[in-house]
Structures are given as C-alpha cells and as structure tokens.
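Colleague: Chains as they are written, first to last, in my numbering: chain A, -9 to 446; chain B, -9 to 446.
What the hints contain is simulated information worked out from the structure, not anything from laboratory work.
Wrong hints could be hidden among the right ones.
Same chains, same names: a pair is fine if it fits in one copy or spans any two.
DSS-like, lysine-lysine: derived pairs with alpha carbons at most 25 Å apart [what the hints assert, rightly or not]:
| hint | residue 1 | residue 2 |
| --- | --- | --- |
| 1 | 423 | 216 |
| 2 | 83 | 66 |
| 3 | 367 | 239 |
| 4 | -6 | 231 |
| 5 | 216 | 200 |
| 6 | 83 | 52 |
| 7 | 393 | 225 |
| 8 | 367 | 378 |
| 9 | 24 | 225 |
| 10 | 239 | -6 |
| 11 | -6 | 216 |
| 12 | 200 | 52 |
| 13 | 83 | 208 |
| 14 | 297 | 391 |
| 15 | 403 | 393 |
| 16 | 45 | 225 |
| 17 | 391 | 231 |
| 18 | 66 | 52 |
| 19 | 393 | 167 |
| 20 | 216 | 378 |
| 21 | 167 | 391 |
| 22 | 167 | 239 |
There are 2 protein chains.
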Amino acid sequence: MADKPSIPKGTRDFSPLEMARRNHIFDTIRRIFKVHGFLPIETPAMENLSTLMGKYGDEGDKLLFKILNSGDFKSKLSPEELSETPAGRLGTKISEKGLRYDLTVPFARYVVQHRNEIDFPFKRYQIQPVWRADRPQRGRYREFYQCDVDVIGSNSLLNEFELIQIIDEVFQALSLKVVIKLNNRKVLAGCAEVIGAPEQMIDITVAIDKLEKIGLEKVLAELVQKGLSPDSVTKLEPLLKMEGSTAEKLIFLAGFLEGSELGMAGLQEVRTLLAYVEADPLGSEVELDLTLARGLNYYTGSILEVKSAEYAIGSICGGGRYDDLTGIFGLEGVSGVGVSFGADRIYDVLLQLERFPQRGDLDTRLLFVNFGEAEVKHIIPILGRLRKSGIASELYPDQTKMKKQMNYANNRKIPFVALLGEQEIADGMITLKDMETGMQERLTPEQLVERISSAK
Amino acid sequence: MADKPSIPKGTRDFSPLEMARRNHIFDTIRRIFKVHGFLPIETPAMENLSTLMGKYGDEGDKLLFKILNSGDFKSKLSPEELSETPAGRLGTKISEKGLRYDLTVPFARYVVQHRNEIDFPFKRYQIQPVWRADRPQRGRYREFYQCDVDVIGSNSLLNEFELIQIIDEVFQALSLKVVIKLNNRKVLAGCAEVIGAPEQMIDITVAIDKLEKIGLEKVLAELVQKGLSPDSVTKLEPLLKMEGSTAEKLIFLAGFLEGSELGMAGLQEVRTLLAYVEADPLGSEVELDLTLARGLNYYTGSILEVKSAEYAIGSICGGGRYDDLTGIFGLEGVSGVGVSFGADRIYDVLLQLERFPQRGDLDTRLLFVNFGEAEVKHIIPILGRLRKSGIASELYPDQTKMKKQMNYANNRKIPFVALLGEQEIADGMITLKDMETGMQERLTPEQLVERISSAK
Chain A
-9 MADKPSIPKG TRDFSPLEMA RRNHIFDTIR RIFKVHGFLP IETPAMENLS TLMGKYGDEG
51 DKLLFKILNS GDFKSKLSPE ELSETPAGRL GTKISEKGLR YDLTVPFARY VVQHRNEIDF
111 PFKRYQIQPV WRADRPQRGR YREFYQCDVD VIGSNSLLNE FELIQIIDEV FQALSLKVVI
171 KLNNRKVLAG CAEVIGAPEQ MIDITVAIDK LEKIGLEKVL AELVQKGLSP DSVTKLEPLL
231 KMEGSTAEKL IFLAGFLEGS ELGMAGLQEV RTLLAYVEAD PLGSEVELDL TLARGLNYYT
291 GSILEVKSAE YAIGSICGGG RYDDLTGIFG LEGVSGVGVS FGADRIYDVL LQLERFPQRG
351 DLDTRLLFVN FGEAEVKHII PILGRLRKSG IASELYPDQT KMKKQMNYAN NRKIPFVALL
411 GEQEIADGMI TLKDMETGMQ ERLTPEQLVE RISSAK
Chain B
-9 MADKPSIPKG TRDFSPLEMA RRNHIFDTIR RIFKVHGFLP IETPAMENLS TLMGKYGDEG
51 DKLLFKILNS GDFKSKLSPE ELSETPAGRL GTKISEKGLR YDLTVPFARY VVQHRNEIDF
111 PFKRYQIQPV WRADRPQRGR YREFYQCDVD VIGSNSLLNE FELIQIIDEV FQALSLKVVI
171 KLNNRKVLAG CAEVIGAPEQ MIDITVAIDK LEKIGLEKVL AELVQKGLSP DSVTKLEPLL
231 KMEGSTAEKL IFLAGFLEGS ELGMAGLQEV RTLLAYVEAD PLGSEVELDL TLARGLNYYT
291 GSILEVKSAE YAIGSICGGG RYDDLTGIFG LEGVSGVGVS FGADRIYDVL LQLERFPQRG
351 DLDTRLLFVN FGEAEVKHII PILGRLRKSG IASELYPDQT KMKKQMNYAN NRKIPFVALL
411 GEQEIADGMI TLKDMETGMQ ERLTPEQLVE RISSAK
C-alpha cells in the first residue's frame, strides 16, 4: 500500500466528535451574538496582498500565506529579476493574493468597501478560519478559527457593556467560571503622564504586570534601567503599592490621576462601565486590572481580557476599543470596539474540566437492525415517522451479522436498537433494546416514537 | 481619500442579508443530514499538493490555487532552474501546498488517514468552501461552498435510497419543487454492450441526450460519424424511440438488456431503489433518465441529479456511486455513494422564486430608544429579561436625535420600538410602538415580553 496520506503541518482534520464539541462552542456563541442583535458577515479566504501587507508589522508580513498567481506567473519577469530579487520581494511579484491573517483587517476593508450599504452603528460578528505561517507548536496552529464580534460607528460605552454581557452570557452558557478583566488605555496614559513619563506607558504597564512575580524592588530597578527618572519612580511607587477591591482602586486612582485630564477621562469611562454592570449584575466577576497590556499599540480606550477562574491557560477572550480601524483604508473617524473569542483555548478548557455536554442534540438515537429485504420494507415507513418527529435514526444499510451491527451501535454510542423480524411484522410491533440497561420491550410504532422522545 | 479597497475577482463578501439567506439553506440541509444520522467532519483549507495533483485531470491541476512556500522559498533552486523551468513545474518547486479544489479528494484522504478511528459504514457530511482558479463569470466563483454527504464502506442500495430521501426532504423543507433524476452506469454500459459497441457508452449517452433537441435522424448520423457500425445503430434505434413512464421504460429495458449480465444487474439496482421509494412515497418526483451523463468517468453504479421543476438553471444537486474512491490513496475496495448540494444555485432559485423566509429566526425584534443615562439604567434590566426569553433586542448605543434612531430601526427592519422616558419610569411602564401599524401601547415589562413573544 502507498504511504499513508497526510496534511500540512500545523493544520488539522476535525473528526465528528471534535466537530460536535466545536459546534457546541460556536453555536453557543452565535446564539448569544444573535440575541444581542449582532449580524453575521463572511469575507473571502483570499484577500489582495495590498489589503494585507503592512497591517501586521514586518513579522506579520512574513507570516502571510501568499498564493501563487495562476497561469504563467513568471512570464513578465526577466531571468535577472527571478534569480536576483530576494525571495520576499520575488514573492510579491509572483503573488498578488494572500490568505487572511485575522478577521480585523478584512472587516475594516469590508466596512470601507460597503460603507454605503451599512446601517451604522454596525454590530457584526464573524466566525471564520484564519491562516498564519507561524512555527507550529502545542496549541498554535497554522489554520484556526477566529470568532470576532464588533460594533463600529458608535463611541458609546454601552457597546463595551454589551460586549461584557455577551462574554458573561457565553461563558455561563458554556458552564465556565471566568474573570473579566478591564483596563483603559487612557488611565494608563494618565498614570504615565502624572509621573512625568508619558512616553513610557508601555514600559510601566509591563513592569506593573511583573510585580507579583519579581517584587517591588526588582520592578523599580527595571524601570530605572529603562530610563525612568528617579523622580518618576518615586511618584510611581504608590501606584505599584495600590491594593484592594476594584472600588478601592477607583478611589485611589481618582487621587493619583488628578493632574491628568486624559487619565480622569479614562477613569470616568471605567466608572460608567462599572455602573452599567451594576444595573444588571453579571454571573462573572469584573475587575479592574491595570496590568492588562493587551494590544496597547492599537487600542485607544477600554481593554478587555477574560481568564478562566478554574484552569490556567492564558486569555480565552479579549479585545478593546480602537478609534481608527478603517483609517488604514482611507475612512477616518470611525470608532469601533470588539472582542474575539479564542475557540481553541475554550475547547481545551472545556475538555480538561469535562464540561462538554454528554451528547449532541442530534446524535443518532436509534438504530434498526437489518434482517433483510422483507423486513426493510416495513422499517422504512417507521423510520420516516421517527425522523419527522426529529429523532435522528438509522437503518443499518447492509444485511450482515448481528454482531457487526450491534458493534456499530456500540461504537457510535447509539442508545437504542430496534429489532423488527418476522414475528414483530406479524404483530405490528417493534422490539426495542436499551443499549445501556440491556432491557427489551415490545412497542407499537406510536409507542416507539413516544418512548424515544421521552428518553433523556 | 485612498482608492476604495477591493477583493480578488471571483470572490465575494457576504452581507448580513446574504448570510441569513445562505444560513437558511445550510441550516436546513444540516438539520436533515443529522436526523438521518450523518456526522460532520472538516478538513484543512490547505492540502499537500501531492494529495491534490493528478486527481482532477490536467485541466484541474491548472485550476489549483498553489501556496508559496514560506521563508526563503527559492534558496534551494539554481538560477537556471528558476529561469528555465516552465512556470507550471517551477510552481511545484516553490510551492508544496494548495487550496482544496473540492471536498471529495480531501474526504478520500481523510478516510485513508483515519481509517482505524472510523466506524464503517461511515456516514459523513461536510460543508466548507473550495477554491478554483477558474475564469470568473456569472454564477461561477473562485471561492464557493460545497455541501457534500456520503456513505462509505457499504454497497447497499439503502444508501442511495437514503440520499434520495434526504434530497426530497431538503427541497421540501426549502419549499422547492424538484425532479430527482436517476440513472445507472451499469444500465448504460449494458445498452452499449447489447448493440455491440461497449467502448462507446459515453457517445451513446450523449447522443440520447440530444434527441429532443436535434431529432432522431441527426442523432443517428452523429453516432455513425463517431464510428458506430450500421448494425449497432439499427439495434440502438428502439432504445432511442423508448417512451412512456418510468415503469414502462423498465419493462422495455428488461427486454432490451436481456443479453447483458451487467445491464440486467444495473436494471435490478434501479428496480430495488424504486421499490424502496414506493415503501415510503416521497414528495418529489423520481424518474429514470438514461440521458444523465453526470460523472460517467468515475461513477460506477447509481447516478443522481436534481433539477428544479419551477426554474430552469441546470442541476442543483447531484452525485452517484463510486466503487473505488480511496484507491487513489492506496486503500482498495471501499465503495461509496454521495451527493453534493449546489448552494449557490439553490440560492438563486430561492431568490428568483421569492421563497426565502421573510425574516430570520433571530433578527432583532425590538429596539429601545436611547434618551440618556438615567433612562438607560432602567432599560438595562428589561433588556436582559427580553434576551433571556430568547427575544433578540437592542438598545441604541448613542443618545442622538430620535429621527436617527428611528431610521436605524427602519433600515434594520426592526418591527418594534420601545420608548422609556421619565413618565414611563415613574409609572413602571414601557411605551411600545409597532413599526408597521404605527400603533402605540403602554405595557409592563412582563406584558412586553409576552407581547413580543406572541407577535408573528
């Protein structure tokens, strides 16, 4: 036999069991997006390289999968160009399209391209795969789904609040306990301002993040090394020593940020958002976390990140507000806010905590054993009736050994097997076997539908 | 402003409205696949070129989208190789992966690769996009979804029957009247055998197909031209003159095919299949159609094709039995049968006949007007209650002019608008406006949930 075929590294096949579990996640997320009035869109897997290049930094450009132009892609190139151009630049000469790297840039492109058809504020969600030529490793794939939800064209903090509600509802529906961490770029910028180091906002945030791990002394030393003046370090110390609940932190920050208009504006945003949360309390905890440094180079206001409260795996959802998403495509002044759910990590958490439902809604509930042509004719209409009642049911297609057919039922975890032989045909009855208890009972077709419908 | 961004030719963005319509098709198909016990799988967008090449003929190989190897893709090639190799061969040197061209070859690869984990017979469905570097034209895209359902590892005609049932149920659920056309390669081969022209099965089938259009004389002339002997032509004439119902055709064929064992076997398959259909009559018409030449170079038994009975657009679903799908990957002797639904054409038929449902299940039903912060705090818990009852509802995020907010409701076709101002807060009531009739009523939050739930 030939070598077993394989798939490109970093990609995956999804088996029926994996699909059932993934759909449990996606269906839950989709249901909650919809009940909040978000609308789905899809964009093509391939985008023009001119759309993608330069949007993810140099490193990102290298991670784009480029598609070779079709036909005689090198006819317009001289032999010199072919052999002397560096591979990267040759790549863009023989390739005009690439696979999307995320859903954000295609969404920005979509909004600009279709702006005259869109009703703003535009509440959209998008669940599609993305591709990155990253080095594959545990938990990092070259093809993976992103699951994005954004509101574009509205500055209101009600949008942030709605995203927090969505996060809360999704993880409650998935039976996962999470902590929703909240930060605000304006608060961070304000902190950097009041200590006289406005350029070093990111250094400061990264330092705060290390506090628990390396302690106050080492953090301060690191900041000095990064060029923070002794005066700034002294002013920063009270912030680093800040403790207590989110309410207590807010009180402290109101004093700390007093000299910064931007910082106070950020603080007011945090307060407003938390007041919304109080108006209809969530199942999940929301906490202010100044160490949240996610996307500081593009988020302009609120920053959100979600962690499992039960299993350590990093962020399972996150996002924030960006004030100029569509500017890269020439449409200025459109503010947006969105979060992205990490389907692969959520999958891992559900699997580790054994929180996937035992069976899918429509797994096969009943298998008819195939005894031969005469019996099959009697089974067909009964099968039709079961399916019309929404009961997923099958007839084993081949007339083979009973053992083989029962093995199929066992392996597929089908809970009921129906037997319809000569005697049953004569009596108009069906023998139903419960595969778990082994119990058998004789039922009319009506009783059969009733019995399977009412079984858990 | 910069040039409006665009997408590669032959690809599409799907707007929320298009998504709702496409999901109506996919959800219907998926629901019916599931109730028949079919299981979903997904395979990666990228396959190794070694998996794809040579499976679709020379023409197909040219239509594969190839992905440029990442990193320094040309470092292993000499300048001579780069400039002198024809583009096609250079392509395979700087590219090892391609986008899938259909779902059949990846499925065959999947079955071989995972054969030890699969419970046969394997009833699988797969709904994913495929890519072809075809010249784009009306109704032909470079990225489009396929929607395949197959049973692999069983020879039983019950599988063909189940596929016919699925076809019938899908199109009934979509409110489309269709004709399911049935043919059998063995019957066609038998016909070619009994007239002494076994090599010319395809010529004969194609000729029969032209009968209505060009008439008997011209068809016979064409067959002579294709090298059919006068004796064969004479023997073929009665077949070309065959008329009547499917039952009458079966009687005629029983005589015509008498000399061919293969032909009689095919005829018996058709009879068995039609007997199954009689055991639980369908809503759609099933007819034997010897002119069905679909996939004659790979189907080995039953051939199926579905046409709309109301709108001329070509085949909207089709498939057949193939006896050696996995042989290309070294696993011999596994028979399969499957059909593929043409989502884009089904979409066009539904659109032309105006059979799409008026509104999606979860379109937004209710919009709260935003009068300001004080009112918002009262709206938030009511909104939570509506959503918990499964009612998709929104609060306009910005406190802007009433007209702008009402326009949003109008454009989004939201049927109800809720007003909650000072007076309503004092009374604990909500003013509900029916956007179609313009009627207003005052309701408690409980009555509001009740009212929206019971509205059509």
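Colleague: Against this structure, judge whether each hint is valid.
Modeller: Going through the hints against the structure:
1. 423 with 216: Neither: 73 Å inside a chain and 60 Å across chains, both beyond 25 Å.
2. 83 with 66: both (9 Å within a copy, 19 Å between copies)
3. 367 with 239: between (74 Å within a copy, 24 Å between copies)
4. -6 with 231: The answer is neither: 60 Å in one copy and 50 Å across copies each exceed 25 Å.
5. 216 with 200: Only inside one copy: residue 216 and residue 200 sit 14 Å apart there, 82 Å across copies, limit 25 Å.
6. 83 with 52: both (15 Å within a copy, 19 Å between copies)
7. 393 with 225: neither (78 Å within a copy, 50 Å between copies)
8. 367 with 378: Answer is within: at 18 Å inside a copy they meet the 25 Å cutoff, but 46 Å across does not.
9. 24 with 225: neither (47 Å within a copy, 64 Å between copies)
10. 239 with -6: neither (59 Å within a copy, 46 Å between copies)
11. -6 with 216: neither (54 Å within a copy, 42 Å between copies)
12. 200 with 52: neither (30 Å within a copy, 54 Å between copies)
13. 83 with 208: neither (50 Å within a copy, 52 Å between copies)
14. 297 with 391: Result: close neither inside a copy nor across copies, 52 Å intra and 39 Å inter.
15. 403 with 393: within (15 Å within a copy, 57 Å between copies)
16. 45 with 225: neither (37 Å within a copy, 70 Å between copies)
17. 391 with 231: Close neither inside one copy (74 Å) nor across copies (46 Å); limit 25 Å.
18. 66 with 52: both (24 Å within a copy, 19 Å between copies)
19. 393 with 167: neither (44 Å within a copy, 42 Å between copies)
20. 216 with 378: Cα proximity of residue 216 and residue 378: none, with 70 Å in one copy and 50 Å across.
21. 167 with 391: This pair counts as neither: shortest intra-copy Cα distance 48 Å, inter-copy 40 Å.
22. 167 with 239: For residue 167 and residue 239, only the intra-copy Cα distance (23 Å) is at most 25 Å; the inter-copy one is 66 Å.
In this structure, the earlier hints numbered 1, 4, 7, 9, 10, 11, 12, 13, 14, 16, 17, 19, 20 and 21 are contradicted, and the remaining ones agree with it.
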